[in-house]
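Chemist: Residues in the sequence shown are numbered from 47 upward in steps of one, following the working numbering.
Calculated directly from the structure, the hints in this document are not laboratory data.
Hints may be right or wrong, so weigh each one.
[What the hints assert, rightly or not] Simulated DEER-style distance windows between Cβ atoms:
| id | residue 1 | residue 2 | range |
| --- | --- | --- | --- |
| 1 | L226 | S90 | 33 to 43 Å |
| 2 | S223 | R185 | 21 to 31 Å |
| 3 | V187 | A95 | 30 to 40 Å |
| 4 | V187 | Y127 | 20 to 30 Å |
| 5 | S87 | D192 | 46 to 56 Å |
C-beta: ideal position from N, C-alpha, C; glycine also.
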Amino acid sequence: MVKASNILEFQDLQQLKQENEVMTSNGANGALGDTTFHKVSIDSIEDEAWELLRESMVYYCGSPIGTIVAKDLTSSNTLNYDLVFIRDFIPSSTAFLLKGEYEIIRNFILHMLQLQSWEKTMDCHSPGQGLMPASFKVRTVPLDGDDYATLEVLNPNFGEAAIGRVAPVDSGTILFSITLCTRNACSRAWIR
Numbered sequence: 047m048v049k050a051s052n053i054l055e056f057q058d059l060q061q062l063k064q065e066n067e068v069m070t071s072n073g074a075n076g077a078l079g080d081t082t083f084h085k086v087s088i089d090s091i092e093d094e095a096w097e098l099l100r101e102s103m104v105y106y107c108g109s110p111i112g113t114i115v116a117k118d119l120t121s122s123n124t125l126n127y128d129l130v131f132i133r134d135f136i137p138s139s140t141a142f143l144l145k146g147e148y149e150i151i152r153n154f155i156l157h158m159l160q161l162q163s164w165e166k167t168m169d170c171h172s173p174g175q176g177l178m179p180a181s182f183k184v185r186t187v188p189l190d191g192d193d194y195a196t197l198e199v200l201n202p203n204f205g206e207a208a209i210g211r212v213a214p215v216d217s218g219t220i221l222f223s224i225t226l227c228t229r230n231a232c233s234r235a236w237i238r
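Based on the provided sequences and hints, a complete structural model is requested.
Modeler: Right, dumping it as structure tokens:
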């Protein structure tokens, strides 16, 4: 499917190219060619950004569930950058909403709500009901008694894996904000 905006951009590029050819043949410096190059380079930057965003997607049981914080191929020490942080998913979720891709947001919200009810002890304390994890990680664990079978599990982090061991106080408000702002978009996604 070709979007109308893409057709207009293509027509604009063609018109700029023709005007540039006319100006160049008339002895002008062809400054409009720079505009064409600028527009094309913006498109390639956007394509590269989407490619990087898609490479950062994390899958759980075959479905997209979030995006990792950073993908640094130069470092062997990942610290905690291979986790899906609740706060840092906001820009990714905004991009997916604008693109009309609701599945990853729906999965993210559903699994975050499930992780909130985990009974986990941190430094001899149990979190209160409703505490959202700061992040989570998808881990593949072997099943007992079978050398080849594995199971994917979500491992929530309530701050104990944070570099500064920071409490995830903002996670709950951010999830609430995502849900509130995307209510209509997610409602449409549920119907699909």
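Chemist: If a hint holds in the structure, say so; if it doesn't, say that too.
Modeler: Structure-based check of all given hints:
{"no.": "1", "hint": "L226 with S90: 33 to 43 Å", "result": "holds (35 Å)"}
{"no.": "2", "hint": "S223 with R185: 21 to 31 Å", "result": "holds (28 Å)"}
{"no.": "3", "hint": "V187 with A95: 30 to 40 Å", "result": "holds (33 Å)"}
{"no.": "4", "hint": "V187 with Y127: 20 to 30 Å", "result": "holds (21 Å)"}
{"no.": "5", "hint": "S87 with D192: 46 to 56 Å", "result": "holds (52 Å)"}
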